[in-house]
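*Asks:* As given, the protein sequences belong to chains H and C, one line each in that order.
Under UniProt numbering, think of the first position of the first sequence as 1, with each following residue one higher.
Under UniProt numbering, think of the first position of the second sequence as 1, with each following residue one higher.
Treat the hints with care, as some may be off.
As the list claims (entries may be wrong) - Pair ranges (Cβ atoms, derived):
| no. | chain 1 | residue 1 | chain 2 | residue 2 | range |
| --- | --- | --- | --- | --- | --- |
| 1 | H | L350 | C | A390 | 53 to 61 Å |
| 2 | C | E414 | H | P288 | 47 to 55 Å |
| 3 | H | A41 | C | E244 | 30 to 38 Å |
| 4 | C | P317 | H | T358 | 39 to 47 Å |
| 5 | C | K363 | H | T6 | 35 to 43 Å |
Unchecked claim - DSS-like mimics (lysine-lysine), calculated; alpha carbons at most 25 Å apart, straight line:
| no. | chain 1 | residue 1 | chain 2 | residue 2 |
| --- | --- | --- | --- | --- |
| 6 | H | K375 | C | K376 |
| 7 | H | K104 | H | K204 |
| 8 | C | K243 | H | K51 |
Derived by calculation from the structure, the hints in this document are not laboratory data.
Think of the CB as a built atom: it goes at the ideal place given N, C-alpha and C, for glycine as much as any other residue.
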Amino acid sequence: MSEKRTSMELGTVLVVGGCGFLGWHIVDQLLNFPSEHDPSAAIPTMEGNEKFAVPRLSDRYPTYKAKVAVVDLRTSQNRLPGASYHDGDITSTEQMLEIFRTVKPDVVIHTASPSPIGATKELLHKVNVEGTRTLVEVAAGERGDWGGKCKAFVYTSSSSVVHDTQSDLIHVNEDWPYMRGPLQQEYYSETKANAEELVLKHNKAEASTMLTTAIRPAGIFGEKDTTITQNMLDHVSKASPFVLRMQLGDNENLFDFTYVGNIAYSHMLAAYYLLSTYTRLESGRGLPLDHERVDGEAFNITNDSPIYFWDMTSAISALAGKPVEPAQVISLPEWLLQPIGGIAETVLGLFGKTPRLTRRAVRYSCMTRYYSIEKARARLGYLPIVPLDEGVQRAVGNYIARNQLGEKKAQ
Amino acid sequence: MGLATNAIYYTFHPSQLRAIIQWKVWHNPVHERNEKDDTETQKACFHFLDRTSRSFSAVIKELHPELLLPVCLFYLVLRGLDTIEDDTSIPLETKEPLLRNFKDFLEQDGWNFTGNRPEEKDRELLVQFHNVVAEFKNTKPAYREIIKDITDKMGNGMADYCRKAALEDASVKTIEEYDLYCHYVAGLVGEGLTRLFVEAEFGNPALLKRPRLHKSMGLFLQKTNIIRDIKEDEDDGRRFWPKEIWSKHVDNFEDLFKLENREAALNCSSEMVLNALEHMDECIFYLAGLREQSVFNFCCIPQTMAIATLELCFRNPAIFERNVKITKGEACQLMFESTQNLRVACDTFRTYARRIHKKNSPKDPNFLKISIVCGKIEKFIEVIFPSQNAADAQRRVEGQNPAKDEARAKEDAESRKEIMFMMALMVVIMVVIVAVMLGVAWAMGARFDLAWKELRNGNLRPPKQFAERDAAMAGQVLHQEL
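Between the sequences and the hints, there should be enough to build the whole structure, so can you do that?
*Replies:* Listed below in structure tokens is the structure:
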């Protein structure tokens, strides 16, 4: 962990998808945590409860000097004071050009993507692949003049681009190939891989000097999370004590979960290194060595602390006040649950519904899936700043506080 | 345990009994020691080694001949220091200079010390210390230098500690102090041994460039002992658990032993286990740097024993009531697994990390941290022995069978061949047995020709006439008897 806080100058940064879950955290961090200093931007926390006591983020992450602008489909939610907000659709060249003309960004951080669950294939392709293509070409100044060219483009990819969503992945690095076509069962991952590839190919492309890089987060969670923590907590609050004791598989499978703030931080590191490479190239100095290169490269980003899959649910459940002792756990073997999931899928499928227990969900909670972050450590100097357990405290605390607030309002 | 309880225990744990038998029957030391050529002073040294520590003497005696005596002497010297430090009957004015000057006594012919109280277990070692001095002088200068240097550092460390204990409060407050204490009593031993190994070219010189690694080796063992001995130490009036840790769980240290605080005490002990487990990955890293089998065994056995002990102590309320110990069967199993290679040892480390994880309770405030540290051990083993590689994944994408699949197919074919061979062998054995049985029957007068004829006539049972005759004869016998 960094003992002394560094300072990073990033110029004008356009955060695409800046009102989303990760996007909001990136903006908050770029603005040096208004969520901690400005009461109007504060998010619900369990302050005063010892179980959720955590140190401040702003004392640990670097300080940033940046002008921040945000593009999102709708920017009415998740706004932070200090940034400028622009409604826009990344699949529309005209809308993007107009925003770029106003903002004139040096750096683009592209986090926008439809949720992997519930989006149609058409939408996934349209936003992830075509939207990214539009954005990267607009940024590079290839779709029309907006009065400048971006220097750095950081794309939020996904660690799932090398995963077929079936096999185990054990301490996997960036040398792994993309899983596409018949090998890839999750269309979302396929579109992320295609988009990542086209972004990385655009690095120093002809007629452009823009540098690109891709960040591949694994198992993102944190405050305002609508996927991992949300799903697990919804399960915990709805499930009966007996159901809470159920566990799929033997829980010896290590899994990467990553605190969102650390992922946000890695984007800033990437942007910082791209900018310094850019300056280097501009001034005519030589290229960085191959083993130091950040431009044109993809980076796995995790908390570097894989834990046993069900320990995450157990920890969340305990924080929410429903601990399950190890002796109470009923572990159901995967071979038994796969066919049950299959039957559930067929029967409910007849009624046009999806069951909570699907074969894919069974496999997912029984698989080993963790990554090596050696490359990010060596080239970006990345280390997770908020440890995993603190991340869980933050995420659960925020969820509970939000719900309590919701209940109060309802009364 | 008595004989009867032992018998019952091993009836229900046959694998442990098997491990004991296997170890006793099959274990051969890497280097056999030739006791015949030992001089009188050497004999005395080994005698004291046996007396001071049975577990250590066994592994030391199997060391490569080059290091056997230096390590034995190193151990005895440190034991001597320990015996002076532990003896509460020696006043500080006497004790302090003894500890600080101990390194010089090593080269004073005939030096011995008779000032220990009679109850001190290793008193005799110091009374006859001239044997150690005599052998020390015959040791290679390079080894002598290392032993002397560590004795110097440790003697001064102990003297500082005694001074602090006598004049102010020496209780271990912060985790930093706890690490420092463990460093003096065990970390320095790790340093000395590593320097000896590297000097003898049995260890990678890089081990000395990363002092954290050998420090962790010592700290892991010492911390395990401190956790296991909590009750014994408390009874003897010694406390090593740092206040920084226990004060998070109880108000007073003695509250740890009260029944009503069991939950808090268990959480406290699991934080201590967590603190010790943080060293595990560096210990594995260290073991990877050893180049000689007997040295590997010497270092690996205590480490696997330690993680097994930690697993036994983890969330075990018994540690606050009595001294817990791993069973003999488990110890033999561990020794067997620690004397092969790093891969086998890593499997053991992983097994115990998973067992600790299985006992981890979400009610424990350090639940996730413990899960993380177990994951860290597993991940580190993956770094040394990766189970997947990018080339295989690449081949899969290109539609080829990864090399592993080919190897597996080959293995499968081989095992099929083996099964076929086994079945053929069974058939042959059956044929031979049937032939022998028929042959014996024939030799004893069996009429196969008649039997065959009857069978061909479709009579599968003995003819009726025989049956009737038998019945009639039986009737006659009956009548006669009446």
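*Asks:* Can you confirm whether the C-alpha distance between C:K243 and H:K51 stays at or below 25 Å?
*Replies:* holds, 21 Å
*Asks:* CB of C:K363 to CB of H:T6, is that within 35 to 43 Å?
*Replies:* Roughly 39 Å apart at Cβ, these two residues keep to the hinted range, so it holds.
*Asks:* Given the hint that H:K375 pairs with C:K376, does the C-alpha gap stay at or below 25 Å?
*Replies:* holds, 18 Å
*Asks:* Confirm or reject the claim that C:P317 and H:T358 have a C-beta distance inside 39 to 47 Å.
*Replies:* holds, 42 Å
*Asks:* Take the C-beta atom of H:L350 and the C-beta atom of C:A390, compute their distance, and say whether it sits inside 53 to 61 Å.
*Replies:* Check failed, 42 Å falls outside 53 to 61 Å.
*Asks:* Does the beta carbon distance between C:E414 and H:P288 stay inside 47 to 55 Å, or does it fall outside?
*Replies:* holds, 50 Å
*Asks:* For the pair supplied as a hint, H:K104 and H:K204, confirm whether the alpha-carbon distance does not exceed 25 Å.
*Replies:* Holds, at roughly 19 Å.
*Asks:* Is it true that the C-beta distance of H:A41 to C:E244 lies inside 30 to 38 Å, as the hint says?
*Replies:* About 36 Å separates the Cβ atoms of H:A41 and C:E244, which means 30 to 38 Å holds.
The structure shown violates just one earlier hint, number 1.
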